[in-house]
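Participant: Could you build the full structure based on these sequences and the hints that come with them?
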Amino acid sequence: MDSMNGNKSSLVCHDPQSYGHDAWHPGNLMETPTSLFFMQVSLIAILSHLVDACLKPLGQSSLVSQIMGGLLVGPSMTGHQKLLSKFFFPERGMLVLDTFAHFSLVFFYFLWSLKMDFATTLRTEKRPIIIGLSVFFSTVSIPTGLAFAFKKYLSMDDSLSRSLPFIAISQSLTVFTSIAVLLTDLKLLNTDIGRTTLSAAMSADVIGFSLTVLIFLALQSNGDIPLMGYHILSIIILFIFIIFVIRPIILWTLKSSDGDSVNELCLICIILSLLLSALLSEVIGQHMSVGPIILGLAIPEGPPLGTTLIGKMETVCFAFLYPVYLAITGLSTDIFKIDMKSLWIVIVIVVLSFLIKIGAVMLPGYFYKISMKECLVIGFIMNGRGVAEITLYSLWFRKKIMSQQEFSLMVISILFTNVALTPLIKCFYDPSKQYQTGRRCSIQQIGRDSELRVMFCIHNIENMPTILNLLEASYASRESMVAVIALVLVELIGRSRPILVAHQPHDTLPSMSSDSNHIDNALRQYSQQNHGYASVQSFTSVSTFDTMHDDICRIALDGRANILILPFHKRWEIDGTIDTTNRSTHTMNIKVLERAPCSVGILIDRGILRGSSSLLTARSIFYVSVLFIGGADDVEALAYSSRMARHECVNVTVVRFLQFGEENSKDRKHDSDLIDEYRYCNAGNYRFEIVDEVVKDGIEMSTCIKRLVDYFDLVMVGKEHTECAMLQGHDQWSKCPELGVIGDMLASQDFDTKASVLVVQHQRLRGRFLKHTFTSWPNQRDQLIHDVPMHEMSSSQCTISMDKF
Numbered sequence: 039m040d041s042m043n044g045n046k047s048s049l050v051c052h053d054p055q056s057y058g059h060d061a062w063h064p065g066n067l068m069e070t071p072t073s074l075f076f077m078q079v080s081l082i083a084i085l086s087h088l089v090d091a092c093l094k095p096l097g098q099s100s101l102v103s104q105i106m107g108g109l110l111v112g113p114s115m116t117g118h119q120k121l122l123s124k125f126f127f128p129e130r131g132m133l134v135l136d137t138f139a140h141f142s143l144v145f146f147y148f149l150w151s152l153k154m155d156f157a158t159t160l161r162t163e164k165r166p167i168i169i170g171l172s173v174f175f176s177t178v179s180i181p182t183g184l185a186f187a188f189k190k191y192l193s194m195d196d197s198l199s200r201s202l203p204f205i206a207i208s209q210s211l212t213v214f215t216s217i218a219v220l221l222t223d224l225k226l227l228n229t230d231i232g233r234t235t236l237s238a239a240m241s242a243d244v245i246g247f248s249l250t251v252l253i254f255l256a257l258q259s260n261g262d263i264p265l266m267g268y269h270i271l272s273i274i275i276l277f278i279f280i281i282f283v284i285r286p287i288i289l290w291t292l293k294s295s296d297g298d299s300v301n302e303l304c305l306i307c308i309i310l311s312l313l314l315s316a317l318l319s320e321v322i323g324q325h326m327s328v329g330p331i332i333l334g335l336a337i338p339e340g341p342p343l344g345t346t347l348i349g350k351m352e353t354v355c356f357a358f359l360y361p362v363y364l365a366i367t368g369l370s371t372d373i374f375k376i377d378m379k380s381l382w383i384v385i386v387i388v389v390l391s392f393l394i395k396i397g398a399v400m401l402p403g404y405f406y407k408i409s410m411k412e413c414l415v416i417g418f419i420m421n422g423r424g425v426a427e428i429t430l431y432s433l434w435f436r437k438k439i440m441s442q443q444e445f446s447l448m449v450i451s452i453l454f455t456n457v458a459l460t461p462l463i464k465c466f467y468d469p470s471k472q473y474q475t476g477r478r479c480s481i482q483q484i485g486r487d488s489e490l491r492v493m494f495c496i497h498n499i500e501n502m503p504t505i506l507n508l509l510e511a512s513y514a515s516r517e518s519m520v521a522v523i524a525l526v527l528v529e530l531i532g533r534s535r536p537i538l539v540a541h542q543p544h545d546t547l548p549s550m551s552s553d554s555n556h557i558d559n560a561l562r563q564y565s566q567q568n569h570g571y572a573s574v575q576s577f578t579s580v581s582t583f584d585t586m587h588d589d590i591c592r593i594a595l596d597g598r599a600n601i602l603i604l605p606f607h608k609r610w611e612i613d614g615t616i617d618t619t620n621r622s623t624h625t626m627n628i629k630v631l632e633r634a635p636c637s638v639g640i641l642i643d644r645g646i647l648r649g650s651s652s653l654l655t656a657r658s659i660f661y662v663s664v665l666f667i668g669g670a671d672d673v674e675a676l677a678y679s680s681r682m683a684r685h686e687c688v689n690v691t692v693v694r695f696l697q698f699g700e701e702n703s704k705d706r707k708h709d710s711d712l713i714d715e716y717r718y719c720n721a722g723n724y725r726f727e728i729v730d731e732v733v734k735d736g737i738e739m740s741t742c743i744k745r746l747v748d749y750f751d752l753v754m755v756g757k758e759h760t761e762c763a764m765l766q767g768h769d770q771w772s773k774c775p776e777l778g779v780i781g782d783m784l785a786s787q788d789f790d791t792k793a794s795v796l797v798v799q800h801q802r803l804r805g806r807f808l809k810h811t812f813t814s815w816p817n818q819r820d821q822l823i824h825d826v827p828m829h830e831m832s833s834s835q836c837t838i839s840m841d842k843f
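Numbering of the sequence shown is given in the numbering used here, commencing with residue 39 and proceeding in unit increments.
Rather than coming from a laboratory, the hints here were simulated on the basis of the structure.
We put the beta carbon where it would ideally sit given N, CA and C, even for glycine.
One or more hints might be untrue.
[Stated by the list, open to error] With a straight-line cut-off of 30 Å between C-alpha atoms, the simulated DSBU-like cross-links for lysine-lysine are: (1) K94 x K379; (2) K94 x K773; (3) K629 x K350; (4) K773 x K734; (5) K225 x K411; (6) K437 x K189; (7) K350 x K94; (8) K744 x K734.
[Unchecked claim] Pair by pair, the computed Cβ-Cβ distance ranges are: (9) R562 x S786: 34 to 40 Å; (10) S488 x E727: 54 to 60 Å; (11) Y406 x Q567: 53 to 59 Å; (12) L271 x I306: 52 to 58 Å; (13) S772 x Y406: 44 to 50 Å.
Facilitator: This is how it looks when you write it as structure tokens:
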């Protein structure tokens with residue numbers, strides 16, 4: 039057996055009559071191949087996850103922890119003790135483990151190629167393509183030339199001299215999968231830098247993959263040009279077979295499926311095709327990953343097929359199979375075989391290539407007016423290494439281009455490069471800073487007759503009835519127009535590249551979401567009903583929930599939104615019970631509240647309970663209540679409701695809660711002056727009413743709220759309030775702190791009401807912008823500043839990079 043533990047061949051004999059031992063018979067239980075294999079895989083999985091749990095607080099990627107798991111049990115650490123090595127990882131068990139690891143590679147490359155979207159890459163702007171080409175050609179020429187110079191002028195052992203040019207060439211690779219995994223771990227997929235880097239990596243990867251295949255073919259042919267031609271022809275035939283035979287069969291089985299589901303026959307056909315493509319790759323003398331990569335690219339990414347495949351295979355592949363392969367890489371790494379002189383030569387090549395990549399990004403970045411700081415961060419990310427590079431080094435190790443010394447050197451270089459990249463990137467780039475702004479843009483700050491810019495996030499069609507009622511109540515008129523920014527949120531499944539699509543006014547939303555056309559029609563109907571006084575701009579964000587807040591905040595900032603409305607993470611059944619709770623949406627809402635560049639409202643939609651008719655079509659009276667206790671958030675809700683009161687079909691009742699015995703307090707007088715101003719602005723408007731409720735404590739206030747809310751279709755309340763005795767103790771029972779004390783009470787399943795709730799948070803300024811003066815409407819009031827302090831601040835400029843359909 040030619041194992042990855044060295045280039046020496048080991049003869050391993052298995053006794054077909056030996057079945058090992060068990061708990062009831064004496065002897066070594068590990069003599070049975072199956073028992074040994076299960077023990078090895080279990081040990082690798084446990085160690086990898088333990089190391090990952092330890093390194094995750096430090097922000098390290100999963101690749102680092104999984105290689106470290108292998109190093110722990112390999113010859114570099116505990117495996118250096120021969121007794122432990124022979125017990126846990128004897129030579130006779132490596133063949134099965136190695137075969138299993140390469141089997142996992144087939145699924146890994148298939149899934150990542152399935153996620154790749156080359157159609158979108160072809161529509162990519164010129165900038166990332168130029169960056170990708172610059173990085174590739176710079177790192178393939180300079181380090182390779184240096185490697186040949188080292189061979190000529192420096193003394194080194196024969197194995198390093200033979201492999202040094204290959205090591206230098208490998209530094210030019212910028213593999214899409216490695217960069218995508220790194221960006222996912224860093225949660226930077228949705229940022230401008232993440233999108234630019236991913237597109238640049240895909241451009242460089244096309245050339246790099248082609249170069250790798252050509253090098254492999256040259257090695258296989260041993261300089262025989264006709265034989266190399268046959269190899270190239272065999273790859274072309276394999277490509278044609280997959281595209282024109284296997285792909286049509288898969289699509290035919292998909293058409294026989296019912297609706298958007300994928301039937302079992304189609305899944306079986308794909309798995310068989312995957313194994314067949316890997317087999318055919320081996321038959322024609324190529325690496326087993328070539329066929330699965332072509333097959334993954336041939337299958338349509340996204341829903342329904344790509345989404346289903348990812349959903350069924352991703353967890354097993356990335357949580358179980360993938361770590362085993364990386365751990366075996368660590369097992370094959372032996373730092374005791376590394377010579378110090380060879381170490382320094384390789385370090386020079388690797389470090390120089392690292393710096394050249396950064397410089398190759400800065401050169402085109404200068405002409406495209408990308409800041410040096412952003413170029414530096416893109417350069418760091420482009421230096422990310424991953425499983426593709428490890429696969430290449432393993433292949434060269436097996437082909438004896440590298441000895442175990444060079445293989446160990448390159449694995450250690452990948453490990454240390456990734457360890458260093460995470461803190462470097464986080465030090466130089468904080469994506470949340472791009473949303474920070476010093477411009478006051480809340481509803482309080484805009485003039486009474488100014489345009490109101492409202493942004494809505496939409497998960498599905500069920501959000502639309504209440505959203506449309508809220509939009510119509512916002513009162514679009516000739517004097518006071520409404521600009522609606524609608525962002526449809528679609529979870530990223532079956533793709534590796536997040537998409538932000540800006541739709542043209544007469545476009546239909548793409549079929550990324552099954553409800554797309556219904557949402558589009560509803561928004562157009564709203565615009566048409568308001569006779570040109572309301573404009574609608576639609577976007578679609580296809581992203582993971584971990585990074586979706588980036589798109590939301592970027593669009594809110596670029597669109598100059600005054601308020602951003604988010605759906606609550608719980609959904610009600612018609613009988614009043616909670617149907618579903620989406621934890622991912624909950625986390626996303628919290629991130630938006632922390633970073634939003636404008637006011638934020640969380641909409642708790644109970645429209646299904648009330649069954650109220652549409653304000654757009656029925657023109658029925660829409661009853662709105664504002665629960666006012668005091669504070670900037672309550673004032674923002676009051677400002678929004680004051681605008682609604684101008685609508686002929688909207689009745690607004692402001693319920694002001696007053697603490698008994700605090701008539702002469704400073705806050706009471708301040709709030710009274712403010713309430714009087716809004717009362718004055720709505721003088722003569724019978725649809726706007728202010729009611730005072732004097733309460734002694736929180737229990738009396740809760741009782742009063744329960745008595746009132748069911749008379750209204752919508753209840754508005756601020757998230758945070760002026761500190762007072764009637765709120766004390768309520769926060770101890772809070773289940774959703776992001777809603778505040780009153781909002782959490784109204785959202786509780788125990789609170790028997792059919793009214794929808796809008797919890798409003800006034801715009802928070804951060805960092806140095808806290809020093810800016812605060813201007814409110816109707817008057818200037820510095821006292822209303824209600825911001826969350828932060829220690830750092832940067833420019834508020836933000837440019838949206840997106841695909842246009």
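Participant: Take the hints in turn and mark each one as holding or not.
Facilitator: Results of checking the hints against the structure:
In summary, the hint linking K94 to K379 is not supported, as the alpha carbons are separated by about 34 Å, beyond the 30 Å threshold. Distance check on the hinted pair: K94 and K773 sit about 27 Å apart at the alpha-carbon level, within 30 Å; holds. With a CA separation close to 29 Å, the supplied pair K629 and K350 stays within the 30 Å bound. A distance of roughly 25 Å separates the Cα atoms of K773 and K734; the hinted pair therefore holds under the 30 Å criterion.
The hinted pair formed by K225 and K411 meets the criterion: a straight-line CA distance of about 19 Å does not exceed 30 Å. Between K437 and K189 the alpha-carbon distance is near 21 Å, which keeps this suggested pair within the 30 Å criterion. At most 30 Å may separate the alpha-carbon atoms for a hinted pair to count; K350 and K94 meet this at roughly 26 Å. Using a Cα cut-off of 30 Å, the hinted pair K744 and K734 holds, with the two alpha carbons roughly 16 Å apart.
Distance hint for R562 and S786: a CB-CB separation of about 36 Å, consistent with the stated range 34 to 40 Å. Between S488 and E727 the CB atoms are about 25 Å apart, so this pair departs from the stated range of 54 to 60 Å. Judged by the Cβ atoms, the range 53 to 59 Å given for Y406 and Q567 is violated: they are separated by roughly 44 Å. A beta carbon spacing of about 31 Å between L271 and I306 contradicts the range 52 to 58 Å that was offered as a hint.
For S772 and Y406, the hinted distance range of 44 to 50 Å is satisfied, since their beta carbons lie about 48 Å from each other.
In summary, the numbered hints that this structure violates are 1, 10, 11 and 12.
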